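Enquirer: This is what each chain is made of:
2 protein chains.
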Amino acid sequence: MNPAAPTAAMVVIGDEILSGRTQDTNLNYVARFLATLGIDLKEARMVPDVAAEIVAAVNTLRVKHDYVFTTGGIGPTHDDITADAIANAFNVSIDYHPDALELIGARYKPGEFNEMRKRMARIPEGATLIRNSVSAAPGFQIENVFVMAGVPMIMRAMLEDIGPRLKRGRPVHTSTITAPVAEGRIAAALASIQDAYRSVAIGSYPFYREDGFGTQLVVRGRDAIEVAAAADVIEKALCAEGFKPTRENR
Amino acid sequence: MNPAAPTAAMVVIGDEILSGRTQDTNLNYVARFLATLGIDLKEARMVPDVAAEIVAAVNTLRVKHDYVFTTGGIGPTHDDITADAIANAFNVSIDYHPDALELIGARYKPGEFNEMRKRMARIPEGATLIRNSVSAAPGFQIENVFVMAGVPMIMRAMLEDIGPRLKRGRPVHTSTITAPVAEGRIAAALASIQDAYRSVAIGSYPFYREDGFGTQLVVRGRDAIEVAAAADVIEKALCAEGFKPTRENR
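Residue numbers (this note's numbering), protein chains in the order written: chain D, 2 to 251; chain S, 2 to 251.
Certain hints may be false.
Okay, derived cross-link-like pairs now, DSS-like style, lysine-lysine, Cα gap no bigger than 27 Å in a straight line [stated by the list, open to error]:
1. D/K168 with D/K65
2. D/K43 with S/K65
3. S/K245 with D/K110
4. D/K110 with S/K119
5. S/K119 with D/K65
6. S/K119 with D/K237
7. S/K168 with S/K65
8. S/K168 with D/K119
9. S/K43 with D/K65
10. D/K65 with D/K43
11. S/K168 with S/K43
12. S/K110 with D/K237
13. D/K245 with S/K237
14. S/K43 with D/K43
15. D/K245 with S/K119
16. S/K43 with S/K65
17. D/K43 with D/K168
18. S/K237 with D/K119
Residues on chain D that point at chain S, a partial pick, calculated with CB under 7 Å [unchecked claim]:
19. G21
20. N29
21. H79
22. A188
23. A189
24. L191
Just so you know, the hints here were simulated from the structure itself, not pulled from any lab data. As the structure is a prediction and not an experimental result, all values here were calculated from the model. Just so it is clear, CB atoms sit at the ideal spot from N, CA and C, and this is done for glycine as well.
The task is simple: from the sequences and hints, build the whole structure.
Expert: This is the structure we're talking about:
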């Protein structure tokens, strides 16, 4: 689409994702959040709670993209190793951050702010904090890498703090056309429409429901006029074949 | 855990995942499917519908792991480029596979088996088909790479055909202890239990619900006795602190 749009990658950290214990929903949320800012999420990696794997993923992606977002591994327990891994990736030291200590400490009664809880205030050198309204423990930003919690409620609150720090791209316009048609029936027409409208990306997604099957055709692009024009042609092609499409523009 | 267990990686292919249009659920399903076979899913990547990205991910992962599973991009439309990308990754040719042509052709009335639908029968040289009970169009296996549909219903049916082809590892035993405790309160005890039971992995996952907060502690390992022993110690530590844990063993 627009090569000048900011790009991003995501690293989802946690054994619980790869073991199947937890269904990740953070990637989808981040993708939609970035889309509203005109930032393209280009790739994502799921890695286990293994420092070398976190370091490798972050170091590969942070030079390829404008932004990297990580989720998971910043709590108080022994399996929370993300902050140390990120310090390692950037080759900087890590220590208790005074503001983080104060933020977190304020949430506990005297005597409850134990050593393990203090671990959550360990922040790599040079990083700035990412606050959130749900939990006292902050995430942090170091250069173009944003380190967030894995708990979805907290991760979402952290994104609110991150949003204003990001440069925005032109928004992506989407037009979704849904019709009770098998995608193979209209595939040839779609291919030629895609050929004619090079500035948009046309995706075809079949669905199977109890009340029948169909296809959603999604036109995405930064030029609203081109998106609308391609969607019009698709809609007309479906009408000409006797299908009754519905359409949603965003 | 057990270094001798077979390992796997997953490549989730599709713009719809990275744009946020679609919430992926295939990774979670594959993770749980492999766990029942004792195969460790070690990492995953989400890539867009871009041939070079698919090729790079598959070629990186297929030499690192016993198995690679891909989902998405094997339908009839112009954005379905996975089969070609896989042929490219293995540097082999791609052509219509007679069995695939027959399977798919049998589903259509005369005249409906058009050129775009025939695309779904294009299979890289040397690959074997992955059949499924839901859709006629097959996936395929080439060496240690399994190429599956993105539609969850079809992907799940394909896994049934793949299962018998996989070598199995020792099953992973899991014991999950749930208690209404903040994870920071028990983090030090957990760290020392993890130190004492090196053959298991102990994960700590806080949750926040309307009826209160708590933590799930998940002990995973291939030695059932060690898993049970570590879970016992965690349970006793929680009881000693006055919490009433519940426990689920698998």
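Enquirer: If a hint holds in the structure, say so; if it does not, say that too.
Expert: Verification of the supplied hints:
Between D/K168 and D/K65 the alpha-carbon distance is near 16 Å, which keeps this suggested pair within the 27 Å criterion. Straight-line distance between C-alpha atoms of D/K43 and S/K65 comes to about 23 Å, which keeps the hinted pair within the 27 Å bound. As the CA atoms of S/K245 and D/K110 are separated by approximately 22 Å, the hinted pair is consistent with the 27 Å bound. With a CA separation close to 68 Å, the supplied pair D/K110 and S/K119 exceeds the 27 Å bound.
At most 27 Å may separate the alpha-carbon atoms for a hinted pair to count; S/K119 and D/K65 exceed this at roughly 37 Å. Distance check on the hinted pair: S/K119 and D/K237 sit about 25 Å apart at the alpha-carbon level, within 27 Å; holds. Annotation: proposed proximity of S/K168 to S/K65 holds, straight-line Cα distance about 16 Å (limit 27 Å). Between S/K168 and D/K119, the direct Cα distance comes to roughly 44 Å. Violation of the 27 Å bound is thereby established for this hinted pair.
The hinted pair formed by S/K43 and D/K65 meets the criterion: a straight-line CA distance of about 23 Å does not exceed 27 Å. Under the criterion of a C-alpha separation no larger than 27 Å, the hint pairing D/K65 with D/K43 is consistent with the structure, at around 10 Å. Between S/K168 and S/K43, the direct Cα distance comes to roughly 16 Å. Compliance with the 27 Å bound is thereby established for this hinted pair. Restraint check for S/K110 and D/K237: the C-alpha separation of about 25 Å stays at or below 27 Å, so the hint holds.
Distance hint between D/K245 and S/K237 is unfulfilled; the C-alpha atoms sit about 63 Å from each other, more than 27 Å. A C-alpha spacing of about 21 Å is found between S/K43 and D/K43, which places the hinted pair at or below 27 Å, so the restraint holds. Restraint check for D/K245 and S/K119: satisfied, since their Cα atoms lie roughly 26 Å apart, inside the 27 Å limit. Straight-line distance between C-alpha atoms of S/K43 and S/K65 comes to about 10 Å, which keeps the hinted pair within the 27 Å bound.
For the given pair, D/K43 sits about 16 Å from D/K168 by alpha-carbon distance, which is consistent with the 27 Å threshold. Taking the CA atoms of S/K237 and D/K119, the gap is about 25 Å. The hint holds against a cut of 27 Å. The closest approach between the C-beta of D/G21 and any C-beta of chain S is roughly 3 Å, which is under the 7 Å cut-off, so the hint is satisfied. Satisfaction of the interface hint for D/N29 is found here, the shortest Cβ-Cβ separation to chain S being roughly 5 Å, below the 7 Å cut-off.
The restraint placing D/H79 at the interface with chain S holds, with a minimum CB-CB distance near 4 Å, inside the 7 Å limit. The closest approach between the C-beta of D/A188 and any C-beta of chain S is roughly 3 Å, which is under the 7 Å cut-off, so the hint is satisfied. The criterion of a C-beta within 7 Å of any C-beta in chain S is met by D/A189, whose closest approach is roughly 5 Å, and the hint holds. Given the 7 Å rule on beta carbons, the hint for D/L191 holds: about 6 Å separates it from the nearest Cβ of chain S.
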